[in-house]
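For this note's numbering, add 8 to where a residue sits in the sequence shown, where the first one is 1.
Don't take each hint at face value.
[What the hints assert, rightly or not] Beta-carbon label-pair distances, calculated as ranges:
| id | residue 1 | residue 2 | range |
| --- | --- | --- | --- |
| 1 | F170 | Q53 | 16 to 26 Å |
| 2 | H83 | L40 | 36 to 46 Å |
| 3 | L96 | L58 | 20 to 30 Å |
| 4 | T141 | P18 | 13 to 23 Å |
| 5 | R89 | W57 | 34 to 44 Å |
| 6 | L91 | L123 | 11 to 21 Å |
| 7 | K49 | L91 | 32 to 42 Å |
| 8 | Y92 | L28 | 37 to 47 Å |
[Stated by the list, open to error] Below 25 Å or equal to it, Euclidean Cα-Cα: the simulated SDA-like pairs (lysine to any residue) are:
| id | residue 1 | residue 2 |
| --- | --- | --- |
| 9 | K112 | A35 |
| 10 | K112 | T64 |
| 11 | K112 | V25 |
Calculated from the structure, these hints are not laboratory results. For glycine and all other residues, C-beta sits at the position ideal for the given N, C-alpha and C.
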Amino acid sequence: MNTIAAPRWPPVVAAAVAALLVAGLGAAATDLSPWYEALRKPAWQPPAWLFGPAWTLIFGLAAMAGVLGWVHAPHASARRRMLYLFALNGGLNVLWSALFFHFKRPDWALYEVGLLWLSVAWLALHLHASSHTAARLLLPYLAWVAFAAALNFAVVDLNAPFVAN
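Between the sequences and the hints, there should be enough to build the whole structure, so can you do that?
Structure representation (structure tokens):
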């Protein structure tokens, strides 16, 4: 076994597991129920089949960013902060799905998506200090969340008001 490459495997495995966990929890909270199907949506909404591949790509890039951030972090406290920021981002990602699909509150999700976008931006800024490449890998995620926010706004605009269940 190559002793130089060996220490890189734990962050790769951890990043892959974390990405799969967030993706799995988000998918579990996403219920394309008759309620969702009945919502009016903008004409520019992508087809449903596109969301799975888009999130797969985004989570893969985020995992790669995490590995690069870990490997290039200047010290342990930078690694810890990165982990906190990824955990915050993952939690906000899952929370958005729960608010929108499980609680059927796109209006609440619209407020939360701003926090999700800020968490991606904050993470990219943190990673930029040690790896410009890691930060750039998060740009598609940042763009996708901005697009999701616009789509979320359109759904709220077309369907409001929403009531608590």
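* **Violated constraints from the hint list, given by number and in increasing order** => 8, 11
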